[in-house]
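There are 2 protein chains.
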Amino acid sequence: MIYVAIMGHGTVGSGVAEIMINHNPLVAEKVRDKIEVKYILELRDFSSLPYAEKFTDDFEKIVNDPEVKIVAEVMGGIHPAYEFVKRCLEAKKSVVTSNKELVAMKGAELLKIASENSVNFLFEASVGGGIPILRPMAQCLAANDINSVTGILNGTTNYVLNKMIVDDMSFDTALALAQEKGFAEKDPTADIEGHDTCRKICILASLAFGKHVYPEQVKTEGITNVTLEDVAYAQKLGCAIKLIARAKKLPGGHITAEVAPMLVSNSNMLSHVNGVFNAIMVHGDATGDVMFYGKGAGKMPTASAVVADIIDCAKHLHARKYFDWQEGEEGYVVPDTSKKRFFVLIKSLDFEAMSKSFNAVFPDNTWNIKNEFSGEIAFITDEDFEVEISKKLDKIKYESIKTMKMLF
Amino acid sequence: MIYVAIMGHGTVGSGVAEIMINHNPLVAEKVRDKIEVKYILELRDFSSLPYAEKFTDDFEKIVNDPEVKIVAEVMGGIHPAYEFVKRCLEAKKSVVTSNKELVAMKGAELLKIASENSVNFLFEASVGGGIPILRPMAQCLAANDINSVTGILNGTTNYVLNKMIVDDMSFDTALALAQEKGFAEKDPTADIEGHDTCRKICILASLAFGKHVYPEQVKTEGITNVTLEDVAYAQKLGCAIKLIARAKKLPGGHITAEVAPMLVSNSNMLSHVNGVFNAIMVHGDATGDVMFYGKGAGKMPTASAVVADIIDCAKHLHARKYFDWQEGEEGYVVPDTSKKRFFVLIKSLDFEAMSKSFNAVFPDNTWNIKNEFSGEIAFITDEDFEVEISKKLDKIKYESIKTMKMLF
Numbered sequence: 005m006i007y008v009a010i011m012g013h014g015t016v017g018s019g020v021a022e023i024m025i026n027h028n029p030l031v032a033e034k035v036r037d038k039i040e041v042k043y044i045l046e047l048r049d050f051s052s053l054p055y056a057e058k059f060t061d062d063f064e065k066i067v068n069d070p071e072v073k074i075v076a077e078v079m080g081g082i083h084p085a086y087e088f089v090k091r092c093l094e095a096k097k098s099v100v101t102s103n104k105e106l107v108a109m110k111g112a113e114l115l116k117i118a119s120e121n122s123v124n125f126l127f128e129a130s131v132g133g134g135i136p137i138l139r140p141m142a143q144c145l146a147a148n149d150i151n152s153v154t155g156i157l158n159g160t161t162n163y164v165l166n167k168m169i170v171d172d173m174s175f176d177t178a179l180a181l182a183q184e185k186g187f188a189e190k191d192p193t194a195d196i197e198g199h200d201t202c203r204k205i206c207i208l209a210s211l212a213f214g215k216h217v218y219p220e221q222v223k224t225e226g227i228t229n230v231t232l233e234d235v236a237y238a239q240k241l242g243c244a245i246k247l248i249a250r251a252k253k254l255p256g257g258h259i260t261a262e263v264a265p266m267l268v269s270n271s272n273m274l275s276h277v278n279g280v281f282n283a284i285m286v287h288g289d290a291t292g293d294v295m296f297y298g299k300g301a302g303k304m305p306t307a308s309a310v311v312a313d314i315i316d317c318a319k320h321l322h323a324r325k326y327f328d329w330q331e332g333e334e335g336y337v338v339p340d341t342s343k344k345r346f347f348v349l350i351k352s353l354d355f356e357a358m359s360k361s362f363n364a365v366f367p368d369n370t371w372n373i374k375n376e377f378s379g380e381i382a383f384i385t386d387e388d389f390e391v392e393i394s395k396k397l398d399k400i401k402y403e404s405i406k407t408m409k410m411l412f
Numbered sequence: 005m006i007y008v009a010i011m012g013h014g015t016v017g018s019g020v021a022e023i024m025i026n027h028n029p030l031v032a033e034k035v036r037d038k039i040e041v042k043y044i045l046e047l048r049d050f051s052s053l054p055y056a057e058k059f060t061d062d063f064e065k066i067v068n069d070p071e072v073k074i075v076a077e078v079m080g081g082i083h084p085a086y087e088f089v090k091r092c093l094e095a096k097k098s099v100v101t102s103n104k105e106l107v108a109m110k111g112a113e114l115l116k117i118a119s120e121n122s123v124n125f126l127f128e129a130s131v132g133g134g135i136p137i138l139r140p141m142a143q144c145l146a147a148n149d150i151n152s153v154t155g156i157l158n159g160t161t162n163y164v165l166n167k168m169i170v171d172d173m174s175f176d177t178a179l180a181l182a183q184e185k186g187f188a189e190k191d192p193t194a195d196i197e198g199h200d201t202c203r204k205i206c207i208l209a210s211l212a213f214g215k216h217v218y219p220e221q222v223k224t225e226g227i228t229n230v231t232l233e234d235v236a237y238a239q240k241l242g243c244a245i246k247l248i249a250r251a252k253k254l255p256g257g258h259i260t261a262e263v264a265p266m267l268v269s270n271s272n273m274l275s276h277v278n279g280v281f282n283a284i285m286v287h288g289d290a291t292g293d294v295m296f297y298g299k300g301a302g303k304m305p306t307a308s309a310v311v312a313d314i315i316d317c318a319k320h321l322h323a324r325k326y327f328d329w330q331e332g333e334e335g336y337v338v339p340d341t342s343k344k345r346f347f348v349l350i351k352s353l354d355f356e357a358m359s360k361s362f363n364a365v366f367p368d369n370t371w372n373i374k375n376e377f378s379g380e381i382a383f384i385t386d387e388d389f390e391v392e393i394s395k396k397l398d399k400i401k402y403e404s405i406k407t408m409k410m411l412f
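Those sequence lines, one after another, are chains E and R. Residue numbers for the first sequence follow this note's numbering, beginning at 5 and rising by one. Residue numbers for the second sequence follow this note's numbering, beginning at 5 and rising by one.
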């Protein structure tokens, strides 16, 4: 018999408990051993549940019970999750978690402690909810050098942007609708400011490139400045605006990583990722582009990923999964200075002067929309260095300007 | 030191040899042990290669060498691949293969032999080339009940259909171009008649639902009857024609499986899978739709998947991967009689009579294109049983008719 403890009984935690208890024969069959939830750590009262006897508010009971071999941490936040996970690993219990904040902040350290104690620390559910991404990246792409990871990693922002595109809704209306539908939290800051996406690209980049990337190393911009106007121009130019997270390997052992709203060309599969769906595009030197797509959040998708990790731990109680990266370092993440295309929206009350100067600076540009009525020109530049584009833009006569990167 | 043998030095085999030999330090680092190719089995002469000393034409040398722990079968075809793989497994060597024909025909038997001998039989490269799909399906979706698997599994046919859609090319011209570009073989029968796709859906269905599905159990239709006209109407109706493979679980322990050209709605991610790319959509009860996308063929993508399996075997020399299904049985695969939408194209010299009868039979249909000039009506039906649709169609006055299933 393998005993499991679940720490937390919120949205994800209750899903994990339901699968582990209600679908126990299915889980046991996959594990090829009996498996049982012994404790659920929670301060709130769940005494009316059929499995109420499993609840405890005492962490010490779990960490000191030698029968418990696997602990699922689904509390969220850094404290006390970090301290609890650390102590469980030190007590030679394998730990699985859906806590992206914890992994993004403390991943390298916790992986090291797991390794020293010959147990596993798995966190498939921390990125992309129910989309299998970390394990395929680590295992199936073992024979590849990964060059870049690009993703739409936050369902809330993707839902909001999609509503703006498809239903012509303003940002505020779309966000309110997302909150009403339960896709966005009451305080949506972590989503719309890009922090959630940032944590996920940190985890992906750490695994892909072997060194921990910390959230503060990643330049992060949310979607609060994206307007209906931007969205409409993007669409007319054959693109969709998405909150994109990117990490790329550079020559010389450095990487770049950033989170920002970008225009994605309709020829790129990522432009078709709509609603609350997430997608991660991994570019390997041998495989080329490989994409993983699915619901990035939600109770059951995320809970099923946590349970899959529990099953994997149970099957490998005496074998370590090689799932590691080193501590990060200052200066490891550098700005992306490669050539790229930019979307530019310029406005002026003197449309004629603006238009004339635009034509002079970008004589060959055919990828543009000139709107004399509103005094705007929206266009997509050729691929060039950002500094070169800036120099050119300085020569145009406009009153306001907005630029966004483009993903081809 | 872990010794490996490669059987076959064709397109995939030479890719495997190159990765294993030229990138040996990278592979060894992932394995965390020294690893070396000891033999390459091949009848052809490769004496000019830098690693010519590894070649042998004697299978007995490989099977009888106790130092060889892992064998990669990349010869293709059933004979002698089947006999060689069987003997290697019986000699307690783990085997990895990219041979979809072998796995589709003999998978259950070879998995059983592997299990009896406590070695691994892995075949990630047999479906989707470099796309990680079998392992994610088996492991990460461990906590899911898989309801259906739907895919675009053949790059050649997808390239041909895509050329017809985008460049208005006839089937024959597009196929000739694919052959010229090396995407289609001289004898393209296995691709365009759907046999290759059929083998891959057999492997996916076997793994997803736990019982072997044999190619002869799967109703298979290729793309040779798809015309430019069909493609154009599909596009106007907001769809793309794709060669779709589907397997679905039914209540009562049966499944359905089929391969056929179908109309895919633009709202479905599969409709955007273009060129030589493949994609597999897996529907799990907890995760919902999860899609895996990438290049489904080609030397390096496929070779990298074979090498990833070699690495996995090397890391688990003493641990069996639970990667199994049972023997299949007659009557396990039954026809799909569920309600669905159909695309219908009817033609008549008497357009007026046809149009009148169409309006009478499908009074509420708004998803249609009437072309009086060419005497055609193309339309998409409401969701209904095939027999019900047939009854209705019988009441329309037309001279010729073509129907295709639709994927929403």
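If you are wondering where the hints come from, they were derived from the structure by calculation, not from laboratory data. Accuracy of the hints is not assured; some may be wrong.
Copies of the same chain look alike in the list, so a pair counts if it fits in one copy or across any two.
[Claimed, not checked] Distance condition first, Cα-Cα at most 16 Å in a straight line; then the derived EDC-like pairs of lysine to aspartate or glutamate:
(1) K65 - E113
(2) K360 - E57
(3) K303 - D289
(4) K351 - D328
(5) K401 - D172
(6) K303 - D293
State whether the alpha carbon distance between K303 and D289 is at most 16 Å within one copy, between copies, both, or neither. Between copies, since 12 Å is at most 16 Å while 35 Å is not.
Reference check for the pair K303 and D293, CA-CA at most 16 Å: within, between, both, or neither? between (29 Å within a copy, 15 Å between copies)
Is it within, between, both or neither when you check K401 against D172 at 16 Å Cα-Cα? Neither, since 30 Å and 43 Å both go past 16 Å.
Between K360 and E57, at a C-alpha cutoff of 16 Å, which is it: within one copy, between copies, both, or neither? Classified as neither: same-chain Cα gap 76 Å, cross-chain 69 Å, threshold 16 Å.
Checking an output row: K65 and E113, CA cutoff 16 Å. Within, between, both or neither? neither (24 Å within a copy, 47 Å between copies)
Identical-chain pair category, K351 with D328, by Cα at 16 Å: neither (50 Å within a copy, 63 Å between copies)
Hint violations for this structure: numbers 1, 2, 4 and 5, all remaining hints satisfied.
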